[in-house]
Structures are given as C-alpha cells and as structure tokens.
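Asks: Model the placement of chain B on the given structure of chain A, informed by the hints.
Protein chains: 2
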Amino acid sequence: MTQTPVDPAAQVASLVDAAGPRVPELLGRVEVLLREAAVEFGPTVGEPASATIAAGGKRLRPLLVLLAAGVGPADDDADPERDLDLVRAAASVELVHSATLVHDDVLDASPLRRGHPTVWATHGRAMATAVGDYLFARAFAELTATGSLEAVRILSRASSALAEGELLQRSDAWNIDVPVERYLHRCGLKTATLFESACALGALQGGAPDDVRQGLGAFGRRIGLAFQLLDDVLDVAGPPERTGKPIGTDLLDGTVTLPLIIARERDASLAAEDLRQVTTPEAAAEICGRIAATGALDEARAQALTMVAEAKDGLPDVGQRRVLELVADSVADRYS
Amino acid sequence: MTQTPVDPAAQVASLVDAAGPRVPELLGRVEVLLREAAVEFGPTVGEPASATIAAGGKRLRPLLVLLAAGVGPADDDADPERDLDLVRAAASVELVHSATLVHDDVLDASPLRRGHPTVWATHGRAMATAVGDYLFARAFAELTATGSLEAVRILSRASSALAEGELLQRSDAWNIDVPVERYLHRCGLKTATLFESACALGALQGGAPDDVRQGLGAFGRRIGLAFQLLDDVLDVAGPPERTGKPIGTDLLDGTVTLPLIIARERDASLAAEDLRQVTTPEAAAEICGRIAATGALDEARAQALTMVAEAKDGLPDVGQRRVLELVADSVADRYS
Numbered sequence: 120m121t122q123t124p125v126d127p128a129a130q131v132a133s134l135v136d137a138a139g140p141r142v143p144e145l146l147g148r149v150e151v152l153l154r155e156a157a158v159e160f161g162p163t164v165g166e167p168a169s170a171t172i173a174a175g176g177k178r179l180r181p182l183l184v185l186l187a188a189g190v191g192p193a194d195d196d197a198d199p200e201r202d203l204d205l206v207r208a209a210a211s212v213e214l215v216h217s218a219t220l221v222h223d224d225v226l227d228a229s230p231l232r233r234g235h236p237t238v239w240a241t242h243g244r245a246m247a248t249a250v251g252d253y254l255f256a257r258a259f260a261e262l263t264a265t266g267s268l269e270a271v272r273i274l275s276r277a278s279s280a281l282a283e284g285e286l287l288q289r290s291d292a293w294n295i296d297v298p299v300e301r302y303l304h305r306c307g308l309k310t311a312t313l314f315e316s317a318c319a320l321g322a323l324q325g326g327a328p329d330d331v332r333q334g335l336g337a338f339g340r341r342i343g344l345a346f347q348l349l350d351d352v353l354d355v356a357g358p359p360e361r362t363g364k365p366i367g368t369d370l371l372d373g374t375v376t377l378p379l380i381i382a383r384e385r386d387a388s389l390a391a392e393d394l395r396q397v398t399t400p401e402a403a404a405e406i407c408g409r410i411a412a413t414g415a416l417d418e419a420r421a422q423a424l425t426m427v428a429e430a431k432d433g434l435p436d437v438g439q440r441r442v443l444e445l446v447a448d449s450v451a452d453r454y455s
Numbered sequence: 120m121t122q123t124p125v126d127p128a129a130q131v132a133s134l135v136d137a138a139g140p141r142v143p144e145l146l147g148r149v150e151v152l153l154r155e156a157a158v159e160f161g162p163t164v165g166e167p168a169s170a171t172i173a174a175g176g177k178r179l180r181p182l183l184v185l186l187a188a189g190v191g192p193a194d195d196d197a198d199p200e201r202d203l204d205l206v207r208a209a210a211s212v213e214l215v216h217s218a219t220l221v222h223d224d225v226l227d228a229s230p231l232r233r234g235h236p237t238v239w240a241t242h243g244r245a246m247a248t249a250v251g252d253y254l255f256a257r258a259f260a261e262l263t264a265t266g267s268l269e270a271v272r273i274l275s276r277a278s279s280a281l282a283e284g285e286l287l288q289r290s291d292a293w294n295i296d297v298p299v300e301r302y303l304h305r306c307g308l309k310t311a312t313l314f315e316s317a318c319a320l321g322a323l324q325g326g327a328p329d330d331v332r333q334g335l336g337a338f339g340r341r342i343g344l345a346f347q348l349l350d351d352v353l354d355v356a357g358p359p360e361r362t363g364k365p366i367g368t369d370l371l372d373g374t375v376t377l378p379l380i381i382a383r384e385r386d387a388s389l390a391a392e393d394l395r396q397v398t399t400p401e402a403a404a405e406i407c408g409r410i411a412a413t414g415a416l417d418e419a420r421a422q423a424l425t426m427v428a429e430a431k432d433g434l435p436d437v438g439q440r441r442v443l444e445l446v447a448d449s450v451a452d453r454y455s
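Read top to bottom, the protein sequences are chains A and B. All the letters of the first sequence, read from the start, carry residue numbers 120 to 455 under my numbering. All the letters of the second sequence, read from the start, carry residue numbers 120 to 455 under my numbering.
Among these hints, one or two may not hold up.
[Unchecked claim] Computed cross-link-like contacts, SDA-like style, restricted to lysine to any residue with a CA-CA straight-line distance of at most 25 Å:
1. B/K364 <-> A/R244
2. B/K431 <-> B/L303
3. A/K364 <-> B/R244
[Stated by the list, open to error] Incomplete in silico selection of chain A near chain B, CB under 10 Å:
4. R148
5. A218
6. T219
7. A249
8. A256
9. L274
10. S278
11. L281
12. Q288
13. W293
If you are wondering where the hints come from, they were derived from the structure by calculation, not from laboratory data. Keep in mind it's a predicted model, so treat the numbers as computed, not measured. Think of the CB as a built atom: it goes at the ideal place given N, C-alpha and C, for glycine as much as any other residue.
Extracted from the complex, chain A is given alone in its bound form (with noise of 0.2 Å):
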C-alpha cells in the first residue's frame, strides 16, 4: 500500500464546503465560544489556553456534532436558538478534547504539538495541569446552558472513558503480552467514546429519534476506533515530516499498539523483547522498522478499513449523510 501524505486541514476544509455554508458558519461560531471561554479570566490564564485550543487542531468532533445534528445546506434551516445550542455542545466536545491534549503533554513532556509550543512548555507542569482542569470544567459549563441534563450524562460518560483509557494504558505499559481485546477496549475508552459523543449530541440536539440516534452513535463510535488504529499505524510508519514527531514515540511510552500485537504474533524476536530497554529514538525506530518488516502494518490499516466500511454501511439515512460519508473517507484517507 503506497503512502500518499494528504493535508488534513485542507481535507476537512473541503469537508466543511461539501456541507453547505451554515456548517462553516457556525464552526465559525464554536471557534469564538472556543476563544471566549480560554480568555475570560485575562491573559495569564487565557493566553495558555488558547494556544491550546488553537493548537488543536481540524476540529473533527465539532464538525460531527454539527452534522449528526442535521444542520443543512440551507439558511432557511436556521432556528437561533437551536444554533447556539448546538455551537455549544460542539464547543464542549472540542474543550474535553483540549483538556486531554493539555494534560497528555504534560504526562509526556511533551514540547511541541503541531508545531505549536504546549502549554506545559510555555507555562510549566502546574499551570498546564490547572489549564487541562480548567478547560474541562468549562465544558461542562457550556454544556450546561444548552440545558439539556441528556447531554451533559453523554458528556459526563465520555469524560470518564478518557480518564479510564489513559489508566489503562499506564496500568499496562511495557507489558508487550497485553491482548488485542484490551488494546481495542482502550481505543474505545480513550478515542472512541468521544467521537460517538459527538454524534450523540448532535443527534440529541438535532432532535433525533432514538434508532437514529444510536446509529449515529455507532457511526462515530467506529470511525473514532478506526482513526485511533491509523494514529497508531502512523506512529511506527510516520514519516515523521508528516507526523511531526519521530517513529516509535508510543514504544518510548511503554504504549503497545495493535501494529505491534500482530507483529508479535509473527516474529518471536519481537514477543521476546523488554521494552523497558527501549530508551532511545533509534532503539525505537528499530523495533518500527521490524514490526513493518512483518507486514502488520498493512493488516493494521486494512482492520481499520473495515471498520471505516462499517461505520457508512450502518450510517442512517440522516440530511448530511454524504458528508458524513467524506468524513469517515477523510479518517481513512489520511494514511492511505
């Protein structure tokens, strides 16, 4: 399978166009909530967090709760009320997700996240914690307002899969036996869940029946696992111009992923290794290059095909179905 490095922001650009001009419209809307809420406590606070915020990225869960919420193309849809609703469950989604990518870099130490200094090397340990902290709070502040107590219990849920997620990939680092159904467990709890909250909301807003709703649900709960399997996948393939960051950083975590798990199965050597002597970035790559060497790259990326087939095949027939589609195309296309 060659690589073709597609930009994902322009990727989602055409997206965002494909929808029609309210979507963008109120994408537009949620990025200013987004700004608000980082800078209302003035600039020693606020500036952190809107690097944050800023740094993070395509806002993919904003853009499916929009459309599982069935914003159209056209402007004779629009019901005030109902907009800023939904611009602001889509910003709540995006602030959990800034709050985990705030506290992750702190955990990993890391410097730079797409090519943006992190809050945790611009302000330090503390701040970044209290920033994360603060940032998810908000989410459930604005929430809140959209008065709906059922999107606040989706969120709640979603809130506590990430943090279980990130327990369990600690609790089972460095463990290179950890079984393929733990690791999916996990990509459920730590990616999954967020993204089916996306749709969720947006259906719930959007004033979906219930089987909609859950095949909705569906549809973003597989489309985050499959986006999680290629994250992964890219983390040994890279390239790292591509990426921005080097192969094998979740190898220096101790994080075992399923490129790995397959690559076991097929090359003793690999079973056998204590990852715990993994320390360098060239120690890593070397694991990289042998765990594509056996071809589990390819069965990594084709499982999570399957699993981008599934989740159009089982869409419902919702206003936005085909951009739905493209959306779940454009996860698959990042790596393809």
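Replies: Frame of chain A; chain B shown alone:
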C-alpha cells in the same frame, strides 16, 4: 492566643452526632458510593482512587450538603428517592474535592496526605493525573443522575473556579507584593466556592426557597474562606505534628498568603525578601518565625474568626441551623 490542637475527625464525629441519626446514616451511604465510584474499574485503577478518597478526610463538604438540605434527626422524614439524590450530590462534591487533591499532590510532588501515601507517590505522575481526571468526570456522572440541571450548573461553576484558583495561584507565585484583594479572590476560587456549592446543592435538593438557598450559599462561602485563611495560618504556625507537614510549605511553593501579606507591612525586611531564594525547609521556617514575630498570625486568625461569626449571624433559620453553627465553630476551633 493559645494553641489547643483539636482532633478534627473527633470533632466532626461529634457534629454528626448532634445532627441526629439520619445524617450519619446518609454519610455512610456517601462513603459506599465513593468507594463504588473508585473501584468500579478493577483494582489497578480503583486501588489508587480508593486510597485518595479514603485519605480525603473529614467529609465536611458532604456533611454541609446534608445539613443544608435539611436532613433532620427523625427517621420519619426519609424519602428514599430524595435520599438517593442527596447522597449522590454529597458524593459529587467530595469527588471534585478528591480530584483536586490528587492533582495538587502531583503538582507539589507530595509523598503523603494525612499520613497516607499519595497516588502520585504510589502510582506516579501519569496515573495520578488520570485518576484526578477520572474522579472529576465521575462527580458529574453522579450529579447528573439526580436529574437536576441546576445542580450540574452549580458544580461546573465550582469546578471552573477551582481550576481558575489554581491557575491564579501559580501565576502569582513568588510575588511578595500580591494585593490582599487578589489573595482573597484566590481563596474564594480555590476553597470557598466548593463550600458554597455544597450548601447550595443541599439547599437545592432540599427544596429550599431562593432566599434560603442564597443564605445557605453565603454561609458556606464564608466558612470556606475562613477555612482557607486558617489553613494558611497553620502553614506558618504549625506545629508540624498537628498539621502533618513541615512549617512553610506554602513559601517553598512560592505561595504568598495572608500572614505574609500582613507581616510585610509590619516588617520592611520581609517585604524585601526574594522568595525565589527561599529553597530549603530551614529558610522557610526562618521566614515563618519572622512572620509570627510581627503578630500577623493573630491578625489573620482574627479575620478568619470574624468571617465565621458573620457566617453564623447570616444563617437562615433552617432546621439544622444549630448544627450548621457547630460546623462553623469547628472551622474556627481547629486552630484557636
């Protein structure tokens, strides 16, 4: 003023007794819920979370929820559904409190809390950060289960305030000229808002009218402020065998508190100190001695006791008014 150390756990136990049999019964259920929340995900995650919750102390905040809700002494005012919601609300406040303790211990690299090893000490920085995030998310999950959006609103505001207070403290670190207003604002964010929220949540669940809710909230806020002021006095005054930590830990963190703010006006040599040079426990203890010599500790204590008196004076005439007064006294008595 003489120092008569009081056992706070025994003191709270006597408060609970004064409240009649139903309050301890419900506090027992809060305890069960807290343990369940912690252990839900197996020993790896649950054990450190449990340890933190167990080390959390006196359950003053859950007690305030129950008293503000008007849980009376008689068995015949039990309403199973209301009781469950109250237990959840009380647990949610304690979960938020526990979450901040876990994160504080990470930031301060504290090996012990109330004589128990911290999650940071036993499981490391990464696990402790994730455990804090998890407890925080669980708080919202528990409170959402009460079905009250207003309750979630109260807790999300309190959580934002806690993080904001932490950020303010870090951004003001080492600044010996910090204005007293800013110090009090920080205490409000870091401590008083959660006490206020505990009372407001209880009043809400107990169905109190608006003016009583506000009155109970103001009571909580005042004793919370007094609690923090007296905590800051204790950090300077010790004795370590009473506080469980060396004198002057705030100074070593760069945290400027009321005793130093008062003392710097009375002793120009203190105002001229460069706090970044205070890097050893001995140096911190020496500064604490100079703060005490100015009489600043008595002045700070007097301000706290005034707040406690105002809290009692402003208490609405609710069923457990007498016990709430005892709670206020217990805050004052810890240190007098």
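Asks: Now tell me if each hint is right for this structure.
Replies: Hints, one by one, checked against the model:
{"no.": "1", "hint": "B/K364 <-> A/R244", "in the structure": "holds, 23 Å"}
{"no.": "2", "hint": "B/K431 <-> B/L303", "in the structure": "holds, 20 Å"}
{"no.": "3", "hint": "A/K364 <-> B/R244", "in the structure": "holds, 23 Å"}
{"no.": "4", "hint": "R148", "in the structure": "violated, 21 Å"}
{"no.": "5", "hint": "A218", "in the structure": "holds, 8 Å"}
{"no.": "6", "hint": "T219", "in the structure": "holds, 8 Å"}
{"no.": "7", "hint": "A249", "in the structure": "holds, 4 Å"}
{"no.": "8", "hint": "A256", "in the structure": "holds, 4 Å"}
{"no.": "9", "hint": "L274", "in the structure": "holds, 8 Å"}
{"no.": "10", "hint": "S278", "in the structure": "holds, 4 Å"}
{"no.": "11", "hint": "L281", "in the structure": "holds, 7 Å"}
{"no.": "12", "hint": "Q288", "in the structure": "holds, 8 Å"}
{"no.": "13", "hint": "W293", "in the structure": "violated, 12 Å"}
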